[in-house]
Amino acid sequence: QKEVEQDPGPLSVPEGAIVSLNCTYSNSAFQYFMWYRQYSRKGPELLMYTYSSGNKEDGRFTAQVDKSSKYISLFIRDSQPSDSATYLCAMRPVNTGFQKLVFGTGTRLLVSP
Amino acid sequence: KAGVTQTPRYLIKTRGQQVTLSCSPISGHRSVSWYQQTPGQGLQFLFEYFSETQRNKGNFPGRFSGRQFSNSRSEMNVSTLELGDSALYLCASRPGTQETQYFGPGTRLLVL
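In order, the protein sequences belong to chains A and B.
All residue numbers for the first sequence refer to the working numbering, where the first residue is 1 and numbers rise by one.
All residue numbers for the second sequence refer to the working numbering, where the first residue is 1 and numbers rise by one.
Careful: at least some of the hints might be erroneous.
Restricting the straight-line Cα-Cα distance to at most 27 Å, the calculated cross-link-like pairs of lysine-lysine (DSSO-like) are [what the hints assert, rightly or not]: (1) A/K42 to B/K13; (2) A/K2 to B/K57; (3) A/K70 to B/K57; (4) B/K57 to B/K13; (5) B/K57 to A/K42; (6) B/K57 to A/K100.
Across the chosen pairs, the derived CB separations fall in these ranges [said to hold, decoys possible]: (7) B/I12 to A/E57: 19 to 25 Å; (8) A/V94 to B/E52: 25 to 31 Å; (9) B/R73 to A/K100: 21 to 27 Å; (10) B/G16 to A/I18: 49 to 55 Å.
Where chain B lies over chain A, by a calculated footprint (3+ residues, C-beta under 8 Å) [said to hold, decoys possible]: (11) 40-48; (12) 104-110.
For the record, the hints were derived by calculation from the structure and aren't laboratory data.
Think of the CB as a built atom: it goes at the ideal place given N, C-alpha and C, for glycine as much as any other residue.
Can you build the whole structure from these sequences, using the hints too?
Shown next, in the form of structure tokens:
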């Protein structure tokens, strides 16, 4: 079983919908949680970064961490066609270097006009 | 500022050959990391270099190696290529003290 599980999708929604993307994990030592967006033929770009539990909001994006359930979510409000991309979750324990992130395999999101 | 650049963008090799991929980080960034991305395994950390020294290494065989030059540019080498090495190889750089790392577009390697 992988340390981080993520539904590969694709997830298809109409423009304006609220999107919920999720990851589950098994390592209770994970403390740093990130969401990356990857467009086709591009490298991932960091969207959201949270430490430990709780919520973090940035514009249309909200990241949520529930450590008791080992479950993290990314919500996108008022989704746009330009949000169509693959979304990767990533996480690491507090005692390892930032680069030793463990990634999910990514969820492909398609937002139709 | 220019972003992270990787060369070549696409590469086709045959089993048993070796390959060298290059990464130029964002100007001023001293840390360079390499990742392998495949549909089945996702993004997996290969290694990280900082000021020409390898600081972290992932769980890959010794056929995968890298180095960093004094100008922070980095190369990774894969020897004795196997079919399973077909993947997108991503390089990421960051300033020395920040969490945010910036990815390049990747080199897509196909091993036949």
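Evaluation of the provided hints:
1. Simply put, A/K42 and B/K13 have alpha-carbon atoms about 22 Å apart, close enough for the 27 Å limit, and the pair holds.
2. Annotation: proposed proximity of A/K2 to B/K57 holds, straight-line Cα distance about 19 Å (limit 27 Å).
3. Proximity of A/K70 to B/K57 is assessed by CA-CA distance (about 26 Å); at most 27 Å being required, the pair is judged to hold.
4. Taking the CA atoms of B/K57 and B/K13, the gap is about 25 Å. The hint holds against a cut of 27 Å.
5. Between B/K57 and A/K42, the direct Cα distance comes to roughly 24 Å. Compliance with the 27 Å bound is thereby established for this hinted pair.
6. In summary, the hint linking B/K57 to A/K100 is supported, as the alpha carbons are separated by about 8 Å, within the 27 Å threshold.
7. A hinted range of 19 to 25 Å is violated for the C-beta pair B/I12 and A/E57, which are about 45 Å apart.
8. Between A/V94 and B/E52 the Cβ separation comes to about 27 Å, which falls inside the hinted range of 25 to 31 Å.
9. At roughly 22 Å, the beta-carbon separation of B/R73 and A/K100 lies within the given 21 to 27 Å, and the hint holds.
10. B/G16 and A/I18 have their C-beta atoms about 51 Å apart, which keeps the hinted 49 to 55 Å range intact.
11. With a cut-off of 8 Å between beta carbons, the region 40-48 of chain A has 6 residues touching chain B; three or more are needed, and the interface restraint holds.
12. For the region 104-110 of chain A, the proposed coverage by chain B is satisfied: 3 residues have a C-beta within less than 8 Å of a C-beta in that chain, meeting the threshold of three.
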